[in-house]
Structures are given as structure tokens and as C-alpha cells.
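Trainee: What follows is each chain in one-letter form.
Number of protein chains: 2
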Amino acid sequence: MEDPFVIVGGDAAGMSAASKAKREDPELDVIVFEKGEWVSYAACGMPYYVKGEVDELDDLVAVEPETFREKRDIDLRTGHEVVDIDPKAKTVTVSGGSEPFEQPYGSLLIGTGARAIEPPFEGLDLDGVFTLRSMDEADSIQRYVTDADPGSAAIVGGGYVGIEMAEALVERGLDVSIYEMLPRTLQPFGEETARTVEEHLREQGVDLYLDTAVEGFAGDGSVEGIEYEGGSAATDLVIVGVGVAPNVELAEEAGIELGPTGAIATDEYGRTNYEDVYAAGDCAEAEHVVTGEPDHVPLALTANRAGRAIGTTVAGDPTPTGGIAGTAIVKAFDLGAARTGVLDEERAREAGFDPVSVSIDAPTRPHYYPGSSELTVTLVGDTETGRVLGASIVGREGAKRIDTVATALSSALTVTELQNLDLAYAPPFSPVWDPVLTAAKVLAGKLEN
Amino acid sequence: MEDPFVIVGGDAAGMSAASKAKREDPELDVIVFEKGEWVSYAACGMPYYVKGEVDELDDLVAVEPETFREKRDIDLRTGHEVVDIDPKAKTVTVSGGSEPFEQPYGSLLIGTGARAIEPPFEGLDLDGVFTLRSMDEADSIQRYVTDADPGSAAIVGGGYVGIEMAEALVERGLDVSIYEMLPRTLQPFGEETARTVEEHLREQGVDLYLDTAVEGFAGDGSVEGIEYEGGSAATDLVIVGVGVAPNVELAEEAGIELGPTGAIATDEYGRTNYEDVYAAGDCAEAEHVVTGEPDHVPLALTANRAGRAIGTTVAGDPTPTGGIAGTAIVKAFDLGAARTGVLDEERAREAGFDPVSVSIDAPTRPHYYPGSSELTVTLVGDTETGRVLGASIVGREGAKRIDTVATALSSALTVTELQNLDLAYAPPFSPVWDPVLTAAKVLAGKLEN
Numbered sequence: 001m002e003d004p005f006v007i008v009g010g011d012a013a014g015m016s017a018a019s020k021a022k023r024e025d026p027e028l029d030v031i032v033f034e035k036g037e038w039v040s041y042a043a044c045g046m047p048y049y050v051k052g053e054v055d056e057l058d059d060l061v062a063v064e065p066e067t068f069r070e071k072r073d074i075d076l077r078t079g080h081e082v083v084d085i086d087p088k089a090k091t092v093t094v095s096g097g098s099e100p101f102e103q104p105y106g107s108l109l110i111g112t113g114a115r116a117i118e119p120p121f122e123g124l125d126l127d128g129v130f131t132l133r134s135m136d137e138a139d140s141i142q143r144y145v146t147d148a149d150p151g152s153a154a155i156v157g158g159g160y161v162g163i164e165m166a167e168a169l170v171e172r173g174l175d176v177s178i179y180e181m182l183p184r185t186l187q188p189f190g191e192e193t194a195r196t197v198e199e200h201l202r203e204q205g206v207d208l209y210l211d212t213a214v215e216g217f218a219g220d221g222s223v224e225g226i227e228y229e230g231g232s233a234a235t236d237l238v239i240v241g242v243g244v245a246p247n248v249e250l251a252e253e254a255g256i257e258l259g260p261t262g263a264i265a266t267d268e269y270g271r272t273n274y275e276d277v278y279a280a281g282d283c284a285e286a287e288h289v290v291t292g293e294p295d296h297v298p299l300a301l302t303a304n305r306a307g308r309a310i311g312t313t314v315a316g317d318p319t320p321t322g323g324i325a326g327t328a329i330v331k332a333f334d335l336g337a338a339r340t341g342v343l344d345e346e347r348a349r350e351a352g353f354d355p356v357s358v359s360i361d362a363p364t365r366p367h368y369y370p371g372s373s374e375l376t377v378t379l380v381g382d383t384e385t386g387r388v389l390g391a392s393i394v395g396r397e398g399a400k401r402i403d404t405v406a407t408a409l410s411s412a413l414t415v416t417e418l419q420n421l422d423l424a425y426a427p428p429f430s431p432v433w434d435p436v437l438t439a440a441k442v443l444a445g446k447l448e449n
Numbered sequence: 001m002e003d004p005f006v007i008v009g010g011d012a013a014g015m016s017a018a019s020k021a022k023r024e025d026p027e028l029d030v031i032v033f034e035k036g037e038w039v040s041y042a043a044c045g046m047p048y049y050v051k052g053e054v055d056e057l058d059d060l061v062a063v064e065p066e067t068f069r070e071k072r073d074i075d076l077r078t079g080h081e082v083v084d085i086d087p088k089a090k091t092v093t094v095s096g097g098s099e100p101f102e103q104p105y106g107s108l109l110i111g112t113g114a115r116a117i118e119p120p121f122e123g124l125d126l127d128g129v130f131t132l133r134s135m136d137e138a139d140s141i142q143r144y145v146t147d148a149d150p151g152s153a154a155i156v157g158g159g160y161v162g163i164e165m166a167e168a169l170v171e172r173g174l175d176v177s178i179y180e181m182l183p184r185t186l187q188p189f190g191e192e193t194a195r196t197v198e199e200h201l202r203e204q205g206v207d208l209y210l211d212t213a214v215e216g217f218a219g220d221g222s223v224e225g226i227e228y229e230g231g232s233a234a235t236d237l238v239i240v241g242v243g244v245a246p247n248v249e250l251a252e253e254a255g256i257e258l259g260p261t262g263a264i265a266t267d268e269y270g271r272t273n274y275e276d277v278y279a280a281g282d283c284a285e286a287e288h289v290v291t292g293e294p295d296h297v298p299l300a301l302t303a304n305r306a307g308r309a310i311g312t313t314v315a316g317d318p319t320p321t322g323g324i325a326g327t328a329i330v331k332a333f334d335l336g337a338a339r340t341g342v343l344d345e346e347r348a349r350e351a352g353f354d355p356v357s358v359s360i361d362a363p364t365r366p367h368y369y370p371g372s373s374e375l376t377v378t379l380v381g382d383t384e385t386g387r388v389l390g391a392s393i394v395g396r397e398g399a400k401r402i403d404t405v406a407t408a409l410s411s412a413l414t415v416t417e418l419q420n421l422d423l424a425y426a427p428p429f430s431p432v433w434d435p436v437l438t439a440a441k442v443l444a445g446k447l448e449n
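These protein sequences, in sequence, are chains A and B. With the numbering used here, the residue at position 443 of the first sequence is 443, and numbering never jumps. With the numbering used here, the residue at position 38 of the second sequence is 38, and numbering never jumps.
Calculated directly from the structure, the hints in this document are not laboratory data. Be aware that a few hints might be false.
Copies of one chain are not kept apart here, so a pair can be met inside one copy or by any two copies together.
[Claimed, not checked] List of simulated lysine to any residue pairs, SDA-like, C-alpha gap at most 25 angstroms:
hint, residue 1, residue 2
1, K331, D29
2, K446, A89
3, K331, F121
4, K51, D125
5, K446, E268
6, K71, E191
7, K446, D73
8, K331, R365
9, K88, D207
10, K331, P370
11, K51, P428
12, K331, S372
13, K35, Y274
14, K90, G106
15, K35, E99
16, K446, Q103
17, K71, V442
18, K331, P363
Please read all numbers here as calculations on a predicted model, not as lab measurements.
So here's chain A without its partners, still in its complex pose:
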């Protein structure tokens, strides 16, 4: 009998691969080892659980373990940690249950995910100081807010998690401050979008400490204060959301190569340097459609898609995992902010481009139609080739228009081609020139000169 398809990690990449492989080849044995108890859960929904918009933590589970086991015939073993990989012998060592045991594999998928970065802050272990990465952490924060009734919260980091948690905790009635080491929030979204979001956060009563390095937290048992370069403030709750690091130790120890970003290097099929060993999701790199270089963008769709493709490949039909554009969207109270591609000038130059950027404000509907709001579109193009490099969009409605640019990036469209797209228009939905087209018109004019 063929050795099974073994998967390390039971979240988006792992369970997508398991389900797809079984669907394509029902004869294939598929074993998933998950060290925790939660599988196939929507980490992106956790802030909305804390906010109170999602009733039960269990609502975030996309597919129940029993469904994987009984309906999809997947050998899903929670509470089992893979502690060693031997890619030459094609076995993994598994801890959990009684004794560690060896499991042979035909193909192996590493889907170990990422973990929240914990800088060496003083007082990280005080009660009331949290990161938000696992379902258990979401549960702990939610309980702490309910039971300890904190009046104020300090959020360290002005990225997605920081901003989503700010919204959640304001909704729960806390006074919220965000501390960001860099001069702006939402670093990957570019200056214009960040400034718009920051203004809105302030309007919502969030205090922003930009350009402010946090040093640690004070308290006796429970957190009582935050200390930062040049000052301190009282706080009853701390969320540290300064980014994630890929869980690569298991792979690295097995001689599986990491890429330039520090995540696991993969080819277009998600394969590592060992032919039968794949990696996908938050622990792995993927190819960026604009730069053609490996990149590490730990987001849900990338994990799901790569997992699904690898499941198909392992079942016998080689399928590329697809490139990434770094497309992302985040809700900040009443605003949506989105980005795709390469916005950062320095990064664009490193990739060999000569970037030019414009930012425009445009209404989401014609002036005469009720309910219009303003959208700010930042668009970046390459001087030499005219190619679209990236975009950012922010506004009360319509930030999902970023998908148009993400699609253009995947096709390497020029700014002129973007400008000439036949997008949908009717007064209730858009001005005649969609804001994305308006940005392209302005950037095309600038690129000509």
C-alpha cells in the first residue's frame, strides 16, 4: 500500500490540502497531525469575536473535526505534534498520545503556520497582556474584557490586528491607545491610506502614539501601565500585535531550505528542496506576481489556495499554487482600507522598477446620486515599462475595488491598459469613470511626462 499523505498542521493550508487530495483521490490515505485542538478556523474572525459580533468562538470554525473524519475520511489527529522530520527516510516523528511514534509518508505537507512576534518587552507575562494569534488567545482576551472589566487598553502595533482590535475594544467600551514604532500605521498600505485611517481612528477616540517605541509593561500580577520611549501611561489591558514570524524550526532542523524572507522556500507547486515535501500557508513563501521574487505574505487566501493546489498535485494532477500580489483589506471602524502589489518606493527600486505614484480623491457615485462618499486611490506605476506596480484604496465604501488592480497586476497590465478597462457603471454603483480608472488616467498622464 502507498504511504499516506501526511500533513503537519490542521488549519487553512493543511485542511484544504487534505480535503482536496481526498476528493481527487479517495483511495489516498491522508493523515493530519495538529498539535492543538482547533482545526480549520478563521483566525481573521477573532477580532469580531472579541468585539461581540460573533457569538461563539466555535462559529469561527469552518468545518468541524468530525466532518473531516467522518464525511471526508481524513485521519485527523488533534493533540499530536510532529517533532521531527526525516526527509531521507520519509518519516515524521509524532508526539502525543502515549509514546512518540514514527509515521512514514509518501508526500508531506508542512503547514505549521506562523506565530505572533513577542519582542523582548518587560512584563510580557503579566496578566492582561496578550497576543492574538490562536483561538485560545482570542478566548482569553474575550474573558478578560468581560471578567476584569478593564477601562483602558494599549495596543502595541498599528497593523491589521492592532486596528481591528482597536475597533473591537472601543466597541466594548474601553479607552484605546495604539503605540506604533514607525511614523505611521498600516505600513504596507502607503502614506495616503495610513493618514486617512489615522485621522478616522482619532475621530473614533483612539489615541495614536506614532514613532513611539514601547519598552515594556508595569504591574504587580496584572498589567497596570505601559512604558515607552519618553513616557508611560496607565492601562488595564495590552494587546501586542507587532506581526508574525513563520514557524520554520521543524523544517529547518530537517534540512528543508528557507528562502530570503526567512519562510520556507517553495517552487511553483509548493515543493520544498525535497521533492515529496511541500510547504504552504503562513510558514511558506510564494512568488510575487509583480517582482517575480519569493515573498512571505501570511494571509488566509494564500494558505487556502496553496493547500488546495498541493492536495491536487499530491493526488496526481500537478497544479501550481498561483502567485501572490500581497492583496489585503482591513476594516477600521467605518473605513475600508485595501492594498495590492508593490507600493513601497524602495522595494520597487530593489525589484528593478522606477516607480511613480499618484493619489486621487474620487466620489463613489456621480455628484447627483445620493449616498456618495469619497475614495482615495493611490496607484503606482513603472516609468520605463508603464506597468502597474501596486495600489492602495481607502474610503467608507468600495475599497474592494482593489481587486481590479490585483487582477491587473496578475496580467502585468500597463497603466494605459488599466485606464482602458471596461468597468461597470450605473449611477447607484459608480461614477462613469470608476475611481480606479480616474487614478489610472492621472498616473498615465504623469508617466508620459
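Got chain A; can you put chain B on it based on the hints?
Mentor: Frame of chain A; chain B shown alone:
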């Protein structure tokens, strides 16, 4: 001195061309002859004027005539009709003012638009029977609804205008019926979308008479009834919205060639068979990005974009007008319905494709996030090449996602490439797999088999 750039027709194509040509070459003389009094108006906004959401008809004017004349230095002459073109002598004959006169041109743009089709119905000239194409007609309908206080309306034609007017007149308190000759409304949107819209129209109290040929209208002075094959009904108001025909007579008489659709044939720069004569907007053809064939899709963006490109070309910088994908979106009460590309099976076959289609229902947000609604996505691909051919989307929110597919069509993406796009995800905006991606996944699976 160079002969001027003469433009026939002062709406979207004409005024876009005039403005852009002047901006690019301020020395160029630009003359626009418009036979009516309205210029640069948003015809698409007229149903919302009748509905009462737009206060003044004048609100639909994008740029006032004085602005064109004084700020943009364009010689705009309303009340002037071009009655003859002599492309060999490079002159036009203009009627209006005192005597008809001849005007030489260096370049000429024909932007004569389209008119509402008026089938040979009995009683078309009764009071209370209208088409909706011009601003004056919008004004007349609005006055009639206010002054004659009609209790019921019969709308002939279940296309954009028919459906938008149904919404407007229901809002004004009328009992509305739609009569459609074909077995379904919104013909270019495909079966699934049409059925979803029809169900919703009925929920809103609109009576639908599908597969029903109208014969005429009865009444003594004012309309009192509608007669159709096999029956009749009382009605106080009639709107005839059965489509538009391009105004090509002036061009045709001058020996300017028409294309296979009956609209004016143009090359990629919007040129007719006479090198210095251009045509753009609702009277002209444009190249379809999917079929590569000339097509006639009289919509606002096409007109604006072609006008702008021709203005640039005439000012000395040859600029293609860009292809069209037939992208359109319409509001039907609480629904948005959108389409792009080639949905019709027969038409796809004529263009040399072997079409396969899927329709899927998908939520606009994850199951756990509040406020989700259902989106129905129909996606058509070509069996042989795997290329995306067209799509239709309908739902309470998110129909603007059609732009993703419209962009994919312009780049001739395959269904697999569409499936692999890195679109934006966060729970408030989308499920992990955007509904467009879900449709692509399902269609890709079908194309493989």
C-alpha cells in the same frame, strides 16, 4: 490657420473629445455643434430624476455650457444641427441660426448618439406614452407623473431602462407592469441573473408579462390602455424602452461606412473610412475584447473614453480608444445585476468558442460575520482554450465584483488564472474565497472533465 476640429453632438463622446483636445493643444480651434440645448448630461441619471432622488434635471449636467465656452475655450453652439457632411471637401453644412452655412474642418468627430427605438405600435402619439432618451423626455415624464397623477404604468421592454423606470415609478406610488416580448428580462445578463431579478421585481409588486408582444395603446387623447397579443389592460402611463438605434443617417449619406452591427465602423483610433473623420459613442462600433469583432454597446463609459482618446489623437498624439467588454450594471430595487463579456451560448459559438457555463450561489461574507447576503455568479469559459468568456453577477451587494472579470477578459485570462487571483479578503468584505473565485473553481473543475 489650421482648420478647426469640428464635433457633431455635444454629449459624452463629443464634449470629452472637445475638452481633451483643447487641454492637449490649446491652439487648436474646437467647434461643437449640438442640435438640442442640453450638453454633457448624464442620461443614466434620468430614471433617478423621475424617481425623485435627483432634485433638478440640471443636476444631471456634468459641465455647464458656459464652462465649456469660457473656461475651456470651446466654441460650443447649441441649437445647431449638422445636416450634411462632405468628407472630400472636408466641410459640414450647419442649420441653425439664420441661414444654413458651411464649416470647413481639419478633423471631424461624429458623436450623434442613439435614439430610442419606436416600434410601429398603435397609439404611440397618445398623451402619456413616452420613450426615455432625452432630457426633455425625462422632464415630460416627471411632469406627467406629477400633474396627471397616473395610478398605473405599463413599461414596454424589460431592459435597463424598463427596470430602472419600474423602480422609479413604484417609488412614485404607481402600480407598474413590465411587458417583455422575449421569455425573460435583461436579455444580455443571462438566464440566472434575469430570473433572480424577475423574482425580486415581483416581490416589489411589479407585474411581469414575459413572452408578451405589445401591439399598441388605446385611449382618446390620453392613453387609457395597453393591448398585447392575447389581451389588454388599463393603464394611465406608458414608457417604451425597447432599446436604442444608432443615429447613423448623417454619416451614411456622406459615404461613411457602417459596420456589421449597423453602427458606424471605426478602427482602433475611432477613425472611420475617411482618415480625418472619427466616430465615437452611441453611434459607433468598438472592438470587443473577447471576440475581437466590432460590437455596438451604447454605454456611457465607452463614449467618454473614446471621445477622450480621439481628442488626444486629434491634438497630435495617436491614442487607441480601447476595447469594450460589454460590461454593464443595473440597479433593480434592492438588487444589483451586472454582466461582462460573452454570456450568450450562440454568440460564443459564432465567435469560435465552445462555451461552458456554471452558476453558483455564494455569501458575500463568511458565515459568522453579520450582514452577509447571497450573490449568484454565472461564469462562462471556453472548453478548448480555458479562457474566461463572460460573467454575470446578481445580489443585494457586491455586483460591482464584475469588474474583476471585466479585467480578466481584457487580459484574456483563463479560468484557472482567474481562480488563482489574489483578491482581497477580510471578514467584513468577503469570504476567504471571493464569490468570483468560487465560480472560477467550479468552472475550472467542469472544464477539466
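Trainee: Next step is simple, just say for each hint if it's right about the structure.
Mentor: Hints versus structure:
1. K331 x D29: neither (41 angstroms within a copy, 50 angstroms between copies)
2. K446 x A89: Classified as neither: same-chain Cα gap 58 angstroms, cross-chain 39 angstroms, threshold 25 angstroms.
3. K331 x F121: For K331 and F121, the Cα distance exceeds 25 angstroms both inside one copy (28 angstroms) and across copies (54 angstroms).
4. K51 x D125: within (24 angstroms within a copy, 62 angstroms between copies)
5. K446 x E268: Classified as between: cross-chain Cα gap 23 angstroms, same-chain 36 angstroms, threshold 25 angstroms.
6. K71 x E191: Answer is neither: 48 angstroms inside a copy and 34 angstroms across each miss the 25 angstroms cutoff.
7. K446 x D73: between (57 angstroms within a copy, 24 angstroms between copies)
8. K331 x R365: both (21 angstroms within a copy, 13 angstroms between copies)
9. K88 x D207: Neither: 54 angstroms inside a copy, 71 angstroms across copies.
10. K331 x P370: Both: 23 angstroms inside a chain and 14 angstroms across chains, each within 25 angstroms.
11. K51 x P428: Intra 31 angstroms, inter 13 angstroms, cutoff 25 angstroms: inter-copy only.
12. K331 x S372: This pair counts as both: shortest intra-copy Cα distance 19 angstroms, inter-copy 15 angstroms.
13. K35 x Y274: within (23 angstroms within a copy, 74 angstroms between copies)
14. K90 x G106: Within one copy only: 7 angstroms inside, 77 angstroms across.
15. K35 x E99: within (15 angstroms within a copy, 90 angstroms between copies)
16. K446 x Q103: neither (60 angstroms within a copy, 36 angstroms between copies)
17. K71 x V442: between (54 angstroms within a copy, 20 angstroms between copies)
18. K331 x P363: both (19 angstroms within a copy, 18 angstroms between copies)
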